[in-house]
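> The lines below spell out each chain.
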Amino acid sequence: MSLRHDLRHGRRIARAEFVRSVRGYVRNKRRLAGLAVALLFFGGNFLFALPTAYVLGLTARSVDAIPYFAPVATAVPVLLVALATLRTLERIGRIDAADLVLTTVHPRAVVVGLVGAEIGRLVLWFGVPVAAFATAFALGLGSPSLLLSAALVALPLVCSVAVWGYALGMATLRLFRRLPSVRRVLKGGGLLAMVAAVVASQFVGQYIVTEGTSVGVFVSALTLAPVVDYVALAFVGTPLARPASISAVVVLAGLLALTPVGLGVATRQASRLWFTDEPTPTRDDARQPKTSSGWLAAPQPFAWRKAGRVAWAFLVRARRHPQELAHLVMVLFFLGPLGTTVAQSSSDALGPLVAAAGAGFGTYLAGATFGLNPLGDDRPQMPVLLLTGTDTRTLVRGRSLAGLAVGVPVAVLVPLASILLGTAPIHAVGFAAVGCLTCLAAALFAVGLGAAYPVYDEREFWGTETVVPSTLVMMGYIVVVGGGTVIGLVVTWYVLAGRLALAPLLLAGLGVYLALTVGVSYGSYRYALRRYRRYTFD
Amino acid sequence: MPSTDLAIEASDLRKTYGSEVALDGVSFSISAGTVYGFLGPNGAGKTTTMRLLTGLSQPTAGTVRVSDTPVDDRRALAAHVGYLPETPPLYDEFSAREQLDYVADLRDVPPDRARERIDDYLDQFGLADDADRRIGSYSKGMRQKTAFVQSVLHDPDVLFLDEPTSGLDPRAARRIREFVTEFADAGTTIFLSTHILPVVEAVADEIGVLFDGQLVAEGTPSEVKARAEMGEHSSLEDAFLAVTSAGTDAVGSESESGEAAEVTAVDDR
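Chains as they are written, first to last, in the numbering used here: chain C, 1 to 538; chain D, 1 to 269.
Don't read these hints as lab results, they were simulated from the structure.
As the structure is a prediction and not an experimental result, all values here were calculated from the model.
Even glycine gets a Cβ: it sits at the ideal position worked out from N, Cα and C.
Certain hints may be false.
Stated by the list, open to error - Chain C stretches covered by chain D per the calculated footprint, using a threshold of three residues with CB under 8 Å from any CB of chain D: (1) 311-321; (2) 378-384.
Unchecked claim - Just some of the chain C residues that point at chain D, by a computed CB distance under 8 Å: (3) 293; (4) 295; (5) 296.
With the sequences and hints as input, model every part of the structure.
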């Protein structure tokens, strides 16, 4: 088949995949409502960012060079390749209806289609804000031509990094297939790396300010001058223009030449992945427990009531398939500021801070582990669950109890362990007790919040096909429960430290806080019960 | 053997999704102990009907009673019905033994009795050797058999089966058919939805044919065949094609029916 033929098929596949994605986004009214809320939230912030971009453009008219342009320009292609690789691993490593598509067109067309569709999706999500920001900056700079020159510079770069990122992603998937143990190690390592990156990101700004000179030396060593020269072509015809260099032209030629080569490599990698069998199970796989002898006997205290036994079933399933809990990693993005605070705190405050952090993290787990998509999780089994005669209240309580079984130990044990870091025992017990209460509130609140916005579609997440809660629900949960828990823990700290003067206004405030916590949590729980009781397959 | 007591009463059932009419005034009554074969082409509304009959979906109009219990009273209904949907509702992380133990608990079957029955069923369905394997590693047939056992653990009065033999090998399919007959002989009412017409012909006491949201034929297999004015040696397939041919190309339908009849005649010879 000719290249032109494949490109035409690839364009057709890209369009079909893109349209499928858009229809997937818009077919769910609840999801649309969520998107509207997100748009209102981020759109408002974005509108405020546009004047800033304009002012930046104005300021840039009078500067000789953009600060840190060289390292940023070098980092851009590297980050884009990393992004393309990650998206390949996570989403576009295979195509739906592969049996049909792969017996219909050449794999090269499929690669072009998948990469094209992914670029289309990214443009759909980020195209408008990026273009608006760039336009505001260009207008501030007084050089509207920047938009055209930047697009011309970006096009070969994006094409090249997209195909090479795809090739790298497919090669990684092949490696994972041959060496499953590498995949497991990288998953664990990736998680730790993400924690490290998030925490490190909190220190970078401060470090750059305090250690400016040495950082400058470090980044200059990592700068690739030809790449910087090429990216600088985007500013041709603007006050920030630099003299064009031969190396920039060489890089451009290299990008143009490397794109078809990358496409060829990506196609070869994809073909080998798609048209070869999984290796026979290795001894590593054989070690995986695939059997479980005996009955589903819940230990005490779970065995005491049926809700406890339901909770035990959740815990057993989660232990055997922990990928179902992959959504919990979102909290990592909130650990960064906490890490900074802990690291910068004095030795006196360290213990109480750790105690409070443990109570807060346990609270997060109590609701987020099992509570944020109850209807979505249960949907495949609903024909059984709703026709067993077991009260829906028991099912919902079981789910909340399972969350509490995960969260409460953290909320209790971490504060108690913080005694070793200097927390007074009475303070540790106080934080643990408050943590238990906030865990209960979070577990009840989560099921209602999750039931309000169920997500039924499975998607590839952290290497597994799973139903994960809506991002909007996760954010809402973190904001509401995080905010409420922080207030509760701060008040607890003041009470324990004896620094709280009980003025009428304060008492009224505490009363409102408690009433809101209890009311919202209980109301949310009742709402979840109602959603289960009235659940139908309509 | 069917009795005079009614196991399922559906009255003027109507279900719409926006402007689309999925079911349009469907009524039927099924006596206890009957094996009722529920037939219809793809998209006729069979699964919608089964969800309405099990209370998993709300009718736009009409009423349903199963074992004299209104189906919107789920708690009262649960003890009377077993339901095997087309996609078996199983937890991949459990073994078959754990799955059945869990569902028996949810159904309030006393543990000793439940475990005795589970072992018995696992044995009868040839799952005993694999009972400790995780369901995620099961074949389609094993999943189907596990889900079937799950739906009968509590001895329901009425059993709703949606394509129960789909994807099963001939031996397993025959075992399911035998079970259907055994349960019916013991007084259980079976509501059997399937595309596999020989299965219906072999086990059903009565059949209903749903077409375009309406019940277009009902009765014993012989009555339906007679109503379709098929020949003496015609099959249920011929009758099915005849009563569901409305709205399709008349010439094409006649041709299909004719061809089917010819094949049957050849087979008979």
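> Mind checking, does the stretch 378-384 of chain C have 3 or more residues with a CB under 8 Å from chain D?
holds (count 5)
> If you take the shortest Cβ to Cβ gap from residue 295/C to chain D, is it below 8 Å?
holds (5 Å)
> Holds or violated: residue 293/C as interface residue toward chain D, Cβ cutoff 8 Å?
It holds, given that the least Cβ distance between residue 293/C and chain D is near 5 Å, below 8 Å.
> So is the stretch 311-321 of chain C in contact with chain D by the C-beta rule, three or more residues under 8 Å, or is the coverage claim wrong?
holds (count 5)
> For the restraint on residue 296/C, tell me whether the closest CB of chain D is nearer than 8 Å.
At 4 Å from the nearest chain D Cβ, residue 296/C passes the 8 Å test, so the hint holds.
When the structure is compared with the earlier hints, no violation turns up for any of them.
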